[in-house]
Amino acid sequence: NAGVTQTPKFRILKIGQSMTLQCTQDMNHNYMYWYRQDPGMGLKLIYYSVGAGITDKGEVPNGYNVSRSTTEDFPLRLELAAPSQTSVYFCATRWDSTNQPQHFGDGTRLSIL
Amino acid sequence: AQSVTQPDIHITVSEGASLELRCNYSYGATPYLFWYVQSPGQGLQLLLKYFSGDTLVQGIKGFEAEFKRSQSSFNLRKPSVHWSDAAEYFCAVGAGGTSYGKLTFGQGTILTVHP
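Sequence lines, in order, name chains A and B. Counting the first sequence from 1 gives a position; this note's numbering is that position plus 1394. Counting the second sequence from 1 gives a position; this note's numbering is that position plus 43.
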């Protein structure tokens, strides 16, 4: 039982490149979330999904895209990488019932130079 | 809109001393409140949660937190800190219903433990 798996763990991109951060879960949770974490800023919600085929914007969606074709996978896409997107990215999942916490992956550390 | 404030960016305590990390929230209704801990290079691990009922909640690793509605606070406590407790701690607030479990996090408090 792996829980929430994020790949890659580290990545360096050049400005203008694109990439996809992968998030896979084996807990059959319908709710999934992408956050970015910047020093001293806590975690900010980028996008979230309440089930396959359903996604919505969070607090800081600009520069990112998501898709949710299966329950297990929730990839985050950066189309034109910018230095401001240097951050640590976390994926989280949650059982879609009241009183449930979110479960986090170990993160992807992304640097854009 | 909901918000969370953790007034202390960095706290240093000696091993064996007591600990209190502060968390103040802003939310119109009864909030769902969480404390998470993050060790370096790791994801966030849930320490404890409050949804309703008893305002003093117990969590893992000997932590507890008390919900005080009148003060809009949810402070985290531990009676005796261990060196392994050194980490960053995040308070978060969420809501039920159509919020779909979305969380708003505080800025985090870094805990350093001196031997």
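No wet-lab data here; the hints were simulated from the structure. A virtual CB, placed ideally from N, CA and C, is assigned to each residue, including glycine. Among these hints, one or two may not hold up.
[Stated by the list, open to error] Here are the simulated DSSO-like pairs of lysine-lysine, each with C-alpha atoms no more than 30 Å apart in a straight line:
(1) B:111 / A:1403
(2) B:92 / A:1438
(3) A:1438 / A:1403
[What the hints assert, rightly or not] Listed next, with one range per pair, are the computed distances between beta-carbon atoms:
(4) A:1446 / B:60: 41 to 51 Å
(5) B:46 / A:1491: 24 to 34 Å
(6) B:105 / A:1446: 34 to 44 Å
(7) A:1480 / B:97: 13 to 23 Å
(8) B:105 / A:1420: 43 to 53 Å
(9) B:103 / A:1435: 33 to 43 Å
[Claimed, not checked] Chain B is nowhere near these chain A residues, computed Cβ spacing over 12 Å in every case:
(10) 1410
(11) 1435
(12) 1472
Do the hints match the structure? See the list:
1. A C-alpha spacing of about 39 Å is found between residue 111 (chain B) and residue 1403 (chain A), which places the hinted pair above 30 Å, so the restraint is violated.
2. Pair hint residue 92 (chain B) plus residue 1438 (chain A) holds up; C-alpha atoms about 20 Å apart against a cutoff of 30 Å.
3. Distance hint between residue 1438 (chain A) and residue 1403 (chain A) is fulfilled; the C-alpha atoms sit about 19 Å from each other, no more than 30 Å.
4. Separated by about 49 Å at the C-beta atoms, residue 1446 (chain A) and residue 60 (chain B) satisfy the suggested range of 41 to 51 Å.
5. Checked against the given bound of 24 to 34 Å, the beta carbons of residue 46 (chain B) and residue 1491 (chain A), roughly 26 Å apart, stay inside it.
6. Checking the proposed 34 to 44 Å range against residue 105 (chain B) and residue 1446 (chain A) shows it holds: the Cβ atoms sit about 40 Å from each other.
7. Range check, residue 1480 (chain A) to residue 97 (chain B): Cβ separation about 43 Å, and the 13 to 23 Å hint is violated.
8. Distance hint for residue 105 (chain B) and residue 1420 (chain A): a CB-CB separation of about 30 Å, inconsistent with the stated range 43 to 53 Å.
9. For the pair residue 103 (chain B) and residue 1435 (chain A), the supplied restraint of 33 to 43 Å is violated, since their beta-carbon distance comes to about 26 Å.
10. Its beta-carbon lying about 28 Å from the closest one in chain B, residue 1410 (chain A) satisfies the requirement of being farther than 12 Å from that chain.
11. Under the 12 Å C-beta cut-off, the non-interface status given to residue 1435 (chain A) relative to chain B is violated; the minimum distance is some 6 Å.
12. Every CB of chain B lies more than 12 Å from the CB of residue 1472 (chain A), the least distance being 20 Å, so the non-interface label holds.
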